[in-house]
Each structure stands twice: as C-alpha cells, then as structure tokens.
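**Q** These are the residues of each chain, in order.
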Amino acid sequence: MSKSSNVVLLIDDEPKIRRFLRAGFEMHGFSVLEAESATDGLKAAMFSAPDLVILDLALPDLHGKEVLERLRSWSNVPVIILSVVSSEEEKVRLLRAGADDYVVKPFGMAELLARSDAALRRYFKSETENPVVTAGPLSIDLVSRMVLLNDRPISLTRKEYRLLHILATHVGLVVTHDQLLKEIWTGNQRDNIQYLRILVRKLRQKIETDPNDPRLLVTESGVGYRLKTRLETSAEDEKALPDPS
Amino acid sequence: MVGVVSAVLFWLDQATAVDLVPIAYLLPVVIAATQWGIWPATVASIASVAAADFLFFPPIYSFELDNPHEVIDLLLFLVVALVSSNLASRLRQEAERLRRREQEMQHLYEFSRRLAACFSVADLISAIQNYLSYALGQQALFLAAKSDGHLELSDSGPLPPAVHQSVASMVANGDMTSCNIVDEATYHCWVLEAVRSQTAVLGVVAVNIGDGTHEALESRKHRVKDILEETSLTFQRLDLARAMEDARLHLQAQLLQDAFHGMLAHELYSPLAAIRGSASVLDSIPMIQSDDRTRSLVEAISDQAAHLGGFIHNILNATRVTAGGISPRLEWADPRDVVKAAITARGRRLTAHKLVVAFSENLPLINVDSGLVEEAFGQLLENAAKYSPSGSTISIDARAEHGSVVLSIADQGVGITPDERRHLGRRSFRSQRHQATIPGAGLGFWIASTFVKTNGGTIDISSPGRGKGTTACITLPGSCVEASELADLSDE
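Each protein sequence line maps, in turn, to chains D and W.
Taking our numbering, the leading residue of the first sequence gets 1, the next gets one more, and so forth.
Taking our numbering, the leading residue of the second sequence gets 1001, the next gets one more, and so forth.
Just so you know, the hints here were simulated from the structure itself, not pulled from any lab data.
Backbone N, C-alpha and C fix where the C-beta goes; we use that ideal spot for every residue, glycine too.
Hints may be right or wrong, so weigh each one.
Straight-line C-alpha distance at most 35 Å; calculated DSBU-like pairs for lysine-lysine [what the hints assert, rightly or not]:
1. Lys1468/W / Lys206/D
2. Lys1354/W / Lys228/D
3. Lys1453/W / Lys228/D
4. Lys202/D / Lys1354/W
5. Lys182/D / Lys1354/W
6. Lys202/D / Lys1225/W
7. Lys1386/W / Lys65/D
8. Lys1225/W / Lys16/D
9. Lys1221/W / Lys228/D
10. Lys1354/W / Lys1386/W
Here are some chain W residues pointing at chain D (derived, C-beta under 8 Å) [to be verified]:
11. Ser1126
12. Leu1272
13. Val1481
Covered by chain D, according to a simulated footprint, are these stretches of chain W (three or more residues, beta-carbon under 8 Å) [to be verified]:
14. 1096-1108
15. 1274-1280
16. 1400-1408
Produce the complete structure using the sequences and hints provided.
**A** Written as structure tokens, this is what we have:
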C-alpha cells in the first residue's frame, strides 16, 4: 500500500454489518468512514475522498447501481459491492457499470479484505509501477512477457499469454467474460464464449498443479474469471485474514 | 249435490227442466270427479240418471220410461257423465301429482341448500336423515361409512336388530344393492339403500316405510329411490364443489407459503451476514487464535452460520421455483467448473466425507445456466453427504455419453427403496424412515430436479436397494463441437 492508512468508506444501512466491517478494516490498518444511506454516502465520497468504497446494494433511499453510476461520473475510486442475492446478471451489470468487484452476503472478512487489497493495488498501480505480478507460484512480467511457474519459465501461446496478461493486470479481481472475449479475439469469435472456456482449460493445464481443481485461475460462474493472488484452499479463504500490509 | 240440482230443476217449469236435465246433471258429476275422484263421480252419474228418470221423464215419480228415445237419452247421458268424470278425475290426479312434485322439489331444493352449507360428514348425515324423515313422513336412519369399512349409526334412533344384521351383512359382503327387510316385532317394512357420491359409498340409509298393501309399500319404496337418486346427484355436485374449494385453499396456502419464504429469507440473511462476518473478524484476532477454546467457539459460530445460510439458501431457491421466477440464462460452461463450484460452495458440509472426483478427458462444454446446475449438483451432493455415514466415500464423476454430459454422484449411504423412488421429486417429500434421524425439509431433490429440467436436462436416481448406496446422475446436452477442435480454433 502506498499510504500508511487507507481510508475506506462503508455505505450500508445495517448497523451490525457496518460494525463488523469497521472492526475488520481497522484491524487491517484502514481508517473507516461510515454512511447509512446513499445520499450520505455520496456526500462522504465527495468531501472525504476515500481510497476505497464498500457499497451495499440494498439501500433505503437509492439502489446501489444508481449510487455507483453517480459516483463513477466524477470518481475512479475502487468500489466493492455487497449484494445479498447472488444473481450473475446483476453482478455483470454492476461490473460493467464500474464496480471493481463484489462479495455476496454472507461473506467472511478475509474474502472482502482480499478483494479490497486487490482493488487498491490496481488503483495505485501507476504509482508503484511494478511490472511483475505474482500469483502464488506464478510470476508474470508484464513488460518482458516472461511467465515463471515455481521460478521456471513456461511457454504459452499468444492467446494464452494474452488471457493471463489481462487477468494479471486485474490480479485478485474478477474479469468478466465480455471483457476477456473483446480483448483476446476479434470479429465473430468475440461472441463465442466456448473459445474462452477451452482457452482457460488449456492455460490451466500449464499453470495449475491439478487442472481439474484450479487454485489460481478460478471460475466465477456466470460472471468471469479471477486470478488469485495466492494459492488458497476455499476453507482457508474463509478463515484467515491476510496480514496487514 | 244431485238432490240440490234436482230441487232447482224441479222448481223450474217442466218443459225447461227436461231440456236442461242432461247438462245440469253433469255439474255434480264433474264437481265430484275433480273434488273426490272417480268413484264418487261414478256414483254421482248413476244417481243423476236415476233422479232424472224419477223426477223429470214421464211417467214422473217412477223409474219406468214411456218413450224409448228417452231411454237412449239417459243412456247417452250416463256414458257422457262417466267419461267426463273419468277425465275430470284424471285431471285432478294430475294436478295433485304436480302439486306434490312441486312440494318435493321445494323440499329437495331446501335440502340441497342445506347440503351446500354442510362442512362435515356429521352435517351431511343429519341433513339426509331429516330430509328423508320429513319427505316420507317415516323414520329414516343413516349409517355413515367409515374409512375402516365399518358403518356408524348416527344417534337419532334405534334400529331393529333384523335391520342391523342385514346392514352388517351388506357391508361384510361389500354388496351395496338395495334390499327390504320386515321387522318381525312391528311388521314394518324397512328399505336399505346405499348412498353414493361419484367416488365412494357414503353410507347406507335405512328407511321405515311402514306396513300396508304390497302396492303402497312399492310406491313408497319408489319414492325413497327417487329421493336418493336426487341426493346422489347433489352429492356429485358437492364432490366437484369440494374439490374446487380444496384446490382454492391449496393455492392460497401455496401463495402464503411463498410470501413467507421470501420474507423469511430476506429477514434472515441480514443478521446471518452480520454473524458470519463478525465471527470471521473474531477468528483473525491472534488472542482468539492462540486459545483452543475460544478458537473452537468461533469456529462453531462460523459453522452454524454457514449451515443456517445453506438452509436459507435452499428456501430461497424453493421460492424461486414456486414463484415461477426461473428463466435460465444459458451460456456455454465447462462441466468441471460447475462441479468444482458446487463442491466449494458446500465445502463445510462435505468435510466428514471422502470425496473422489474424476473427470474424463475432453469433456464437451454444456450450454446451461451454470448457477442453476451448480445448485442442483450441490443439492444432490448435500443429500449424498446427509444420507451416508461419516467417513464414507462420495464418488463424483463427469463423463461424456452419446453427445451428453453426465455428472454423477455415488454414495455409500442408506440407498433408496422402490417405494421411496416413486415419491422422489415431490415437494416436501421425506421418507418415513429418515424423518426422525436426519434433519431436512424434503426440498433438496425437488429443487435439484426443477433446476435441471429448466436447463433441458434430466436427473436419474438409482440404488441397488436399502442400505446399498445411491447414485444420482444429471444428464445435460453437450456441445456438438469437439473440445479438441475448439481448442485449435480458439487459439488460432
């Protein structure tokens, strides 16, 4: 993190949710601001310039998507959505509207912190300007296009590398199918998600220990793919918080 | 009356009287016929002829006749009087019959109105009994059929032992044709008739039709039959009405249930999110982590919250199904991803079992709503874990079969009996033998099969029998393009 203390703005009408979010974020070294309505949240976002916004979708005065759109009209601050119902369509819509990622309630704090860190890392990327992305045993040099797995170089086809590159620039964050298809293929092939599925299969063969049980390049059903920052089992993912940086 | 007519005619002068005689004497005949029937009318006819002969035809005050054509006149009059009395009395009978019929109809109408207000068998019984007693003016008893095949006498009067015996034999033989019994103590005749609706025999009516001539008894028996026929029509209508009412109530209950589920899920999710989130924050505190007791407590909170979350999730899914709100968003998906996601989502509930996962090479893609199939697969996985002992193996397998993709889950659990298999897929079905031992709401398989169906697939459950494990297979149409072929195309 570039700053000693990142400011996170929590926009959620449930006091109990805000309470545990505050505890979790403060323990992780964040300064916390709270807002219990969309109006308050937008005001706080404007005047306090937070580094990260956690936005609940079900607010009493305005729908989360509307808040997101207004926020995006003047700010690039990373936004992570909290949603109750896991509707893939809605997730995709929100990601398109400019959300950086989402978590579905009920969620563990570790999951949210991992997403937050990833979103912040991407937000401050230009300042750190480190061309090497690491994801568990994998390291991707975005400049030299060198991909190392357990410190050993692996060779990827042009499209495999392209896929990995896009995921690496969003490491820890979800990337939608649409985005991947548009950036990797051209013409009619852009609409064929089957190509993407098979390409992912091929890439997994090369980077995953067990391609049938992927731990690095994971699927977000109905939404897209995510390159994890580190190797985690799903159980650990729920439990342990990453160390405060 | 004949006398009155005679006196009036006698008072008129002779010539006029003789002319009026045939017409005037018809009056008492017709009146007698319409008022009292054929026999009084016949008597009146003969009396009229006698009076006319005696009083008006010469020689007067004698029954002898001088003029032969007066004999013919009188004979003709007699014929006309008899014929018209016959006609008039028939008219009277007809009118009487109509009046009675109208009364019966009125009774029946009232009866069916009473039937319509009946909400229980007891109401029905008393309505039928009252009606029969009232319409026939005789004692009528209803013996209601019970579900165990016995007949129960309603408490409105004693039944002669002979009648009781023959009712018992009717039931014993299952022979519901009507019969007559004579009660030897009173010499009253009883008629036994079965009362049925479209679907079932409701009971037996025993009617005391009294004593009397064979004809009288026959006619009363016919009336009983007629009335019961009418009532059975009413019963048929009642059956239909009851079925409609049941359906309406059922629908209302369903709607209420759905609304309840929707609200429940929403109201429970928020606190649950706070519990689970708070537990996860606690879990990261070093002080709690370092103490085994506090750590296990926090773990218990997390586990239970996850369990509750899964339960609410199921209810939400069920609500989606009944609300008709599933419109699958089809997208090409990798079956491996679907299986993996389902296993990950149910991770906590599968920890007690050994999972063996096998995918065949070059699995075709499937065009499905991966969220729904994931749910369905997860539900089947959960069932496999629930109905098999801890530590046993659950084998998960994904393979291609004739252009389809088959995802199968095989457990080493309680298995399924052929009888249970028939009920599978019904909402809220749970087998008797698990109800006390394994918690659940019977929603899992129902949700799974609905979700798979909306994706154009099928679920097949097979089991070699009780205690021998169960295999659940989801079959989904696969992509017709070979995976290897796609691989080349995708990376050009």
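**Q** Against this structure, judge whether each hint is valid.
**A** Structure-based check of all given hints:
no., hint, result
1, Lys1468/W / Lys206/D, "violated (40 Å)"
2, Lys1354/W / Lys228/D, "holds (26 Å)"
3, Lys1453/W / Lys228/D, "holds (34 Å)"
4, Lys202/D / Lys1354/W, "holds (28 Å)"
5, Lys182/D / Lys1354/W, "violated (41 Å)"
6, Lys202/D / Lys1225/W, "violated (84 Å)"
7, Lys1386/W / Lys65/D, "violated (39 Å)"
8, Lys1225/W / Lys16/D, "violated (75 Å)"
9, Lys1221/W / Lys228/D, "violated (90 Å)"
10, Lys1354/W / Lys1386/W, "holds (13 Å)"
11, Ser1126, "violated (55 Å)"
12, Leu1272, "holds (5 Å)"
13, Val1481, "holds (7 Å)"
14, 1096-1108, "violated (count 0)"
15, 1274-1280, "holds (count 6)"
16, 1400-1408, "violated (count 0)"
The structure fails to meet hints 1, 5, 6, 7, 8, 9, 11, 14, 16 from the earlier list, while all remaining hints are met.
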